[in-house]
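Here the protein sequences line up with chains A and B, keeping their order. According to the numbering used here, the stretch in the first sequence is residues 1 to 115, in order. According to the numbering used here, the stretch in the second sequence is residues 116 to 230, in order.
Do not rely on the hints blindly, as some may be mistaken.
Said to hold, decoys possible - Below, computed lysine-lysine pairings styled on DSS-like, alpha-carbon distance capped at 30 Å: (1) A/K18 / A/K65; (2) A/K18 / B/K170; (3) A/K57 / B/K193; (4) B/K217 / A/K65; (5) A/K18 / A/K57; (6) B/K217 / A/K69; (7) B/K170 / B/K193; (8) B/K225 / B/K188; (9) A/K57 / A/K17; (10) B/K225 / B/K185; (11) B/K225 / A/K71; (12) B/K225 / A/K69; (13) B/K229 / A/K57; (14) B/K229 / A/K18; (15) B/K225 / B/K170; (16) B/K170 / B/K229.
Hints are computed from structural coordinates only; laboratory data are not their basis.
As a plain string of letters, each chain reads:
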Amino acid sequence: EAQVTQNPRYLITVTGKKLTVTCSQNMNHEYMSWYRQDPGLGLRQIYYSMNVEVTDKGDVPEGYKVSRKEKRNFPLILESPSPNQTSLYFCASSQERPSSYNEQFFGPGTRLTVL
Amino acid sequence: AQTVTQSQPEMSVQEAETVTLSCTYDTSENNYYLFWYKQPPSRQMILVIRQEAYKQQNATENRFSVNFQKAAKSFSLKISDSQLGDTAMYFCAFTPPYNFNKFYFGSGTKLNVKP
Numbered sequence: 001e002a003q004v005t006q007n008p009r010y011l012i013t014v015t016g017k018k019l020t021v022t023c024s025q026n027m028n029h030e031y032m033s034w035y036r037q038d039p040g041l042g043l044r045q046i047y048y049s050m051n052v053e054v055t056d057k058g059d060v061p062e063g064y065k066v067s068r069k070e071k072r073n074f075p076l077i078l079e080s081p082s083p084n085q086t087s088l089y090f091c092a093s094s095q096e097r098p099s100s101y102n103e104q105f106f107g108p109g110t111r112l113t114v115l
Numbered sequence: 116a117q118t119v120t121q122s123q124p125e126m127s128v129q130e131a132e133t134v135t136l137s138c139t140y141d142t143s144e145n146n147y148y149l150f151w152y153k154q155p156p157s158r159q160m161i162l163v164i165r166q167e168a169y170k171q172q173n174a175t176e177n178r179f180s181v182n183f184q185k186a187a188k189s190f191s192l193k194i195s196d197s198q199l200g201d202t203a204m205y206f207c208a209f210t211p212p213y214n215f216n217k218f219y220f221g222s223g224t225k226l227n228v229k230p
């Protein structure tokens with residue numbers, strides 16, 4: 001089954017404790033992206049990757065890191081999480097950059113709480 | 116900064132009736148892509164409909180259609196014959212012409228379909 005998976009689905013952590021949220025897709029997609037969703041703000045793009053070893057900042061990259069060492073994986077790293085990073089996180093992928101020809105497929109989301 | 120505005124935080128509609136969700140965006144360019152996504156209580160993001168800005172014909176997908184007014188920078192979603200399963204958050208989104216790798220969402224409209 002074609003899908004985007006994220007782990008963990010739920011995470012409660014404390015300020016300053018490094019964490020990684022994994023994202024994997026099995027569709028051989030070149031483009032992957034991370035978003036955070038907050039009430040009243042919709043989804044905001046954190047980072048995106050056009051292919052292996054090619055990443056760039058979205059609208060809200062501060063406090064996050066990403067890497068793309070393999071085509072299928074795009075982990076999101078929070079080196080020193082803070083309470084303002086409490087949010088719902090989505091990973092997404094598409095064959096190429098999103099357009100009307102390239103649908104972006106989303107993972108199920110990761111609910112992160114930073115105490 | 117590119118912005119997408121959804122001015123209706125919440126709407127209600129009776130089952131079988133028609134409802135229109137509004138969306139405006141801000142760009143001075145000529146070519147871009149527009150999308151509507153549905154997020155039911157399961158939190159899964161589902162693509163509803165997509166539109167290329169250079170196409171004048173409004174996109175249609177079954178009961179979902181858009182009214183794309185390029186000069187007014189408006190991209191509203193019409194849902195006909197509303198069903199209980201249409202109850203969800205709806206997000207308008209677009210990719211800007213200067214960088215199709217970037218993706219911008221509106222703040223969302225919560226739609227309640229009442230029996």
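Run the distance test for B/K225 versus A/K71: straight-line Cα separation, threshold 30 Å. 35 Å, violated
Can you confirm whether the C-alpha distance between B/K229 and A/K18 stays at or below 30 Å? At roughly 44 Å apart (the allowed maximum being 30 Å), A/K18 and B/K229 break the hint.
Can the restraint linking B/K225 and A/K69 be considered satisfied, given a maximum Cα separation of 30 Å? 38 Å, violated
When you check the alpha-carbon spacing of B/K225 and B/K170, does it fall within 30 Å? OK: B/K225 and B/K170 at ~28 Å, within 30 Å.
Holds or violated: B/K225 to B/K188, with C-alpha atoms at most 30 Å apart: Between B/K225 and B/K188 the Cα gap is close to 22 Å, so the pair holds against 30 Å.
For the pair supplied as a hint, A/K18 and A/K65, is the alpha-carbon distance within the 30 Å limit? With a Cα-Cα distance of about 11 Å, the restraint between A/K18 and A/K65 holds, given a limit of 30 Å.
Check whether the Cα positions of A/K57 and B/K193 lie no farther apart than 30 Å. Roughly 33 Å separates the two Cα atoms, so the pair is violated.
30 Å limit on alpha-carbon distance, applied to hinted pair B/K170 and B/K229: Not satisfied, since the Cα-Cα distance of roughly 34 Å exceeds 30 Å.
With the threshold set at 30 Å, check whether the alpha-carbon distance from B/K217 to A/K69 stays at or below it. Roughly 21 Å between the alpha carbons, so the hint for B/K217 and A/K69 holds.
Regarding the pair B/K170 and B/K193, is the alpha-carbon distance no greater than 30 Å? Holds, because 18 Å separates the two Cα atoms, which is no more than 30 Å.
For the pair supplied as a hint, B/K217 and A/K65, is the alpha-carbon distance within the 30 Å limit? Distance ~17 Å between B/K217 and A/K65 Cα, so the pair holds.
Has the given pair, B/K229 with A/K57, been kept, meaning a C-alpha gap of at most 30 Å? The hint is violated at about 41 Å.
In summary, the numbered hints that this structure violates are 2, 3, 11, 12, 13, 14 and 16.
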